[in-house]
Amino acid sequence: MHNIMPAIYGLNSLEKSMLSIIPEAVVILFAFIVLFLTFFEKIAKSKNSYYLSLIGIAFSILYVVMLSGRNLTGFYGSVVFNGYDVFLFIAILLSGFLTVLVSKDYIENFDLPYPEFYSIILFGISAMMFLVASNNLIMVFISLEFMSICSYILTGYIRGNARSTEAALKYLILGTFASAFLIFGSVFIYAAVGHLNLNSIHTYLENISYGNNGSASILSGMGEYLSIGLLLFMVGLAFKMSLFPFHAWTPDAYDGAPTPITSFMATGIKIAAFAVFLRIYVLIYNINVINFNDILWVLAVLSMTFGNIAAILSANVKRLLAYSSIAQAGYILIGIIGGGFYGYSGTLFYLFTYIFMTAGAFAVVIIFENSDIASLDIKNLSGIAYKYPFISAAMALFMLSLAGIPVTGGFMGKFYVFSAAVKSGYYWLVFIALLNSAFAAYYYIKIIVKMYMPVKEDSNVSCIAGEGKNYGIVNGNISEGIILAVIICLFFTLIMGVYPQIFINFANYSAASLASL
Amino acid sequence: MDFKTTITWLIPLFPLAGWLLWGLFGRYLKGFSGYLASAFIGISFILSVILFFIVAYSHGFTDTLYPWVHAGTLKVGVSAVIDRLSVIMLVMVTGVSTLVHIYSIGYMQDDKGFSRYFSFLNLFVFSMIMLVISNNVLLLYVFWEAVGFCSYILIGFWYEKKSASDAGKKAFIVNRVGDFGFATGIFLLFMTTKTLNYEKIFAMVPTMPTLTVTVIALLLFAGAVGKSAQFPLHVWLPDAMEGPTPVSALIHAATMVTAGVYMIARFHVLFSYSPTASEVVLIVGTFTAFFAAFIALTQYDIKRIVAYSTVSQLGYMFMAVGIGSYTAGMFHLISHAIFKGLLFLTAGSVMHGLSGELDLRKMGGLYSKMKTTAITFIVGGLALSGIPPFSGFFSKDAILADVYNKGYYFAWAVGEVAALMTAFYIFRLIFLAFFAESKIDKGLHVHESPKIMTIPMIIMAVLASTIGFLGIPPLNHSVFYKFLHVDFQNAKNFAPIVNSMPWYVLSSISVAAGLIGIYIAYLLYIKKAIDPEKIKNMFKPVYELSYNKVYIDEIYDFLIVKPMLVFFGFLWKVVDIKIIDGAVNGIAGAFGNFSVKARKIQNGMLMSYILTLSIGVAAVLFYYFIR
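Residue numbers (the working numbering), protein chains in the order written: chain H, 1 to 517; chain G, 1001 to 1627.
Don't read these hints as lab results, they were simulated from the structure.
Treat the hints loosely; a few may be bogus.
Using 20 angstroms as the maximum straight-line C-alpha spacing, the simulated EDC-like pairs for lysine to aspartate or glutamate come out as follows [to be verified]: (1) Lys379(H) / Glu1160(G); (2) Lys1451(G) / Asp1110(G); (3) Lys446(H) / Glu1160(G); (4) Lys1406(G) / Glu1279(G); (5) Lys1362(G) / Glu1437(G); (6) Lys1030(G) / Asp1110(G); (7) Lys47(H) / Glu116(H); (8) Lys1362(G) / Asp1301(G); (9) Lys379(H) / Asp1166(G); (10) Lys1162(G) / Asp1557(G); (11) Lys1492(G) / Glu1279(G); (12) Lys446(H) / Asp1166(G).
Chain G extracted, bound-state conformation:
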């Protein structure tokens, strides 16, 4: 193996080794495992950066570690595709992971599952890295499941809390739905192309019938909808906030939930050859962007607000990939990973300072007590609201400008409205938590978080305020675009640019939307020019709709959960516990005497067993005669 392939495989090796080490020897390492885990991921990060420069100054490559499955025409290897798309993801994943690991040392201090936590966090990073670099669909699916699995474990990390283990279960079940579609899509893909390798698949896509491409793309997208928490499978993500906050920052904001977007970017050839599927992606993305922002308007749980905001921002990314602007989608993915990771980390810091309090109604005036947290949070909020020069401005604007210029005016308008709502809800949070008069319990000792937590936050804040400059000069001339566009050149240009509205016009509208949102929040919560209660009463039904999360959980409960319970209750009654659970026990258990037993058996269950068998035989023979 030469230098670059060695590096490639060392990147996932460190977290994998970490998982085993902390998992097996964690109890001896005690608190030390946190530092070691961070160091391991840090090494992976450094290697990723080196790989990034190798790829940036030469070209991408693929490498097979070993052939995994070779059976006839089916040839799958454990192999990596290292191109610009994957190195960008690698740097982002390992970078954010390193910061979150360091932050976690402080956050998870004194938790009795300290080593277990780092062990699973490392396993997650390993799986995510493998997901990013895999060069065939099977490997992608394997790690697609693996990241999900780590996510369920970490959501339910504090399993003693019933809500936490329930949230883990919910994430698992909801993702089953999406992954079922994903698996079906993979089989369909394999069926039509007879290969699982990306390159070979993409080479074949142009010759495939559009309908097939569409069906496959939609099935794969179903997986993305589950993993990236898009409507209607978004319900698990807000509940996933039951997990430790760094987990939310890493998995449920920066990395795993963006896997769906990354997958579509990776499969850009497939999606670009099916305008229909892309349109579905656009519609789902746009709707989710609006819908989740709408719910976030009225929530009081700070983590849930940020979670809905994640759902909404992921919607923007899907808008971008849905119109074929893959670079714009990826740009927002990267910048969102940083500012949303930041928001979660700072929210965690608030929580830490307030001994676990999450309710906005019990906060206020925190600015003076935890300055670092407040300032970094505001940086994150400004980035999210799309205010220049913070990163969110550049990346969100790149998307909205493309959406407009490609002629999707309605989607653009919805995006702008959602941007306004975004600015409003995040500044509502900021004002209520940091600036409004304090409603904190007097006995509570509010304190700033330790350095080990604030330093990662500061680094993230600096990144969130600078990384956006990769997005200039605007539109298709930006550094980021020029760098990444190389990888997307084989996509079919199904949505050509039809407008050439100058970028500054669109940008001004976006910034205006953000500022208006912030201003409204300011009027409502700082100036108190308008009483929020008044507005609440004025739009009571709308408020209720938003506050109750559009009743989606209730609807699912009514449409799916309840009927399932009834169905299984029915089965339970009809089939009875007798058959399923201990028929043997039921009939004979009470009798010691064998003859009685034998008679009982002959009279009882045994006849019905023989009857089943005979009916089976009769049915088989019947089939033969009526055939």
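Isolated chain H, as found in the complex:
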């Protein structure tokens, strides 16, 4: 007995395993610390938990940076840490950082219980990081569930608010449904190949398809199981990526959730889902069991088109952004379909810029919510630019970036993924995507036009009278935190359009370690 134990739990192996999850562990540690604050009424102030969370995330980023360059695997290969994770950890942590920054005002405004709120956000972040890092089908499932549970709780966090509760409930039911597909898919895959570890599956499939027998004929026995498994697995992830037709939860959950959480879902969850999908895509889907690109092609086209049409029809900013995020998911998918090194690097670049334009837009929405406008209906934004010049200008930039208008990160991202797809010969896909972007620009610009060019008949013209006063920022409940978040987002959105090279290099580095797996 004592002979076996060291072999399994050799000090070296355990150390290595622990090392590979340090960034996640730090976040979890801080999540617990924040949670413990609830026991002490005196120090359980909103401020303390807020700062602690920020510090926790900062520490985690620090550890990621310190560990970068290493290639670690832990827990028998079920968790990995390499260049790919460095990029995505930083993306996720930044998205979490922005979420925490924008949460404080919202919590105070809506009088929500706070230490738990931050704690669950931190748990959610760690879950996303685990999801990205997981290299094992079971691990994928567990971290996905972990992440989902956090997001269910956060979605329904406004207690007693019917919209919030209902959104959470719908999200929960649909999410469980999707998880069932995911685990069902995993079962099929396991039945077909007998492995759970992604690398082992990869090696196994590669040996079959390119191995001694030279053909995929051996696959025929288990090929069907494998294909069905992969398809179902993809459905489970497509749900989290909110691709049409697995998007149904998105508008309701985004709309009903507290806005910081909407921002968190739109950035963090989407990135984590795309990241894990990309990893599995490179390792498994890419080996020609069946041509998944056809299906992804259709999903991308449907998501873009549906998202854009629905967004045009929305009259509410938050809902418009929810639909736009479905369309954006379609654009991101184009990078994956385009494939190859540049496709993957383009996808990562797009994901990175997507964080800032989306989180920025939601931050502005939160400011609007806290200000004196009646509701988030687009018509209520009329003329708001003359009351709040700074945040309106920021919002305008985020909208331009989402629309893919040049000089912004969104443009670079689109250009990058589209050209990767062009390179791989997906002309029609890019054509449709271009058509879609041209079409989508309309509703993004509509918001800018509303903010800057109020028409007399609109309700909110009183705003114009305020021109000249209130330079900058809304009175009252706006903290520096949220302004800082807007500034961070502005900075990245602009810099990624004007000087994107550093980020491209970073994405390349990350994609390289993905492709070399």
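Let chain H serve as the given structure and place chain G on it in line with the hints.
Relative to chain H, chain G alone:
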């Protein structure tokens, strides 16, 4: 960085800094921002002139400010190509901009958005400069969009007016169509050449299959059609006159709308290797030249007449580049920028004097009241009509002579007819506004514009009457031709000269056309030898067609706008506001009780969501089995 590259990057830097400064601190600078903005652009102009002489006496160069995107084979820098073509454009853009900025100080006085106006005007100049000097397609596209964006903002500058913000939206939407083609063309170009750099692309063009070249050229041309307001995407430009008049002078006459012509001149290699695409350019240009002049015949809004005239003149430029006479096209571009800028500025001055009146039927006899404006306007009108020695004569004639000598007789004839109509409509405007008996409201105090407005007009008028001399000696021996032709030598000569009609014969015909046009206008509106009403009734259908702008707006409304509305109305009804806008609200909002809510959810929307999801799964699996 050495001297010339420093200068190169300083030229766009000043307007960019201006944009930020007036945008951020405009409220503290008050009226001062106008002078500062003009000074900034003035500095850019001086630097451009210096650069012009550097290039003229040495040679062109390219310079990279910094590498923008490097990803594998894709290498794009923020880099400039400074050759004769771009320095000419630079001098023109910054020069006209300076004058328009100065003019604007007077024109926009007392406007509450004074600083905002100059801030966006500077941003526009920056974008236009970058568009001109960019040496790769991606940068070109970026600033192609950027100038468009500034244009939408400035068209809708007086957003309180619904017509103004509508016009901005229209410009935006119409340009989407063209820019979609442009973007597709760029991707296609990237796909076939794997590079975005001009030089590398042009080096590859001769080896590319003609069909590919044609498709790319046509897609790029689609962008030009949108930006330069050619038929059938011309509809936004007349409406764009809702913006402040100096904006019309700068953006919608001198600079942005000529970007399409400049783009083709820049891509001359590409276009010259595709005779088909060039022919399309020629046809569209010729048709638009005629078509817009035809509409301008009967309009009463002075700015719109000038706007249609811009569309028509841009048509001439496209004719030129469509037959491979790139220098002639560029010459007309420059001379048109000056005389059309002048016409807009003077029209603005008329408007200023009449407190915003634009209707010709409410003018008359202005000559005695605003002499400077009248004289400068007439100079602009003579230049537009192609009467020597004004610049339009030389530049338009260079185009028409080339069109004839290259054997495109029909296009030439259409061009001459359009020239006649041009002379007619602009002198109809001049006679009605300045010389016919006054129909101005008696209470209106008509006054000449302040010096700050008239001086730029006078400078422009002097330029409009002298710049044409660059066009002598005629045809391929002119100063301008010799200077610029160097840049176009790598174009394929797809349309060789087949005639050698002496220039004076062609010129006489052109001048005659102009004079006849003026004479008809004189007979109708001064001499009253013929009653305009009579003619109107005689050609009623034709008159109606012209007066209603050939019903293009109505046709678009019927073919595109209405079906879109019906389609979206249908979506609205089927999908319903319930799904798109607040499903959460709809089902449960009214119920406080959770169990009721839960039951409702289970009965309601949730099932349909699960159904969608399941159908999705089924479809995916189905695909697998039927594959």
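Now for the hints, and whether the structure bears them out:
no. : hint                    : result
1   : Lys379(H) / Glu1160(G)  : 15 angstroms, holds
2   : Lys1451(G) / Asp1110(G) : 16 angstroms, holds
3   : Lys446(H) / Glu1160(G)  : 16 angstroms, holds
4   : Lys1406(G) / Glu1279(G) : 13 angstroms, holds
5   : Lys1362(G) / Glu1437(G) : 10 angstroms, holds
6   : Lys1030(G) / Asp1110(G) : 10 angstroms, holds
7   : Lys47(H) / Glu116(H)    : 13 angstroms, holds
8   : Lys1362(G) / Asp1301(G) : 10 angstroms, holds
9   : Lys379(H) / Asp1166(G)  : 16 angstroms, holds
10  : Lys1162(G) / Asp1557(G) : 18 angstroms, holds
11  : Lys1492(G) / Glu1279(G) : 14 angstroms, holds
12  : Lys446(H) / Asp1166(G)  : 12 angstroms, holds
Checked against the numbered hints listed earlier, the structure breaks none of them; every hint is satisfied.
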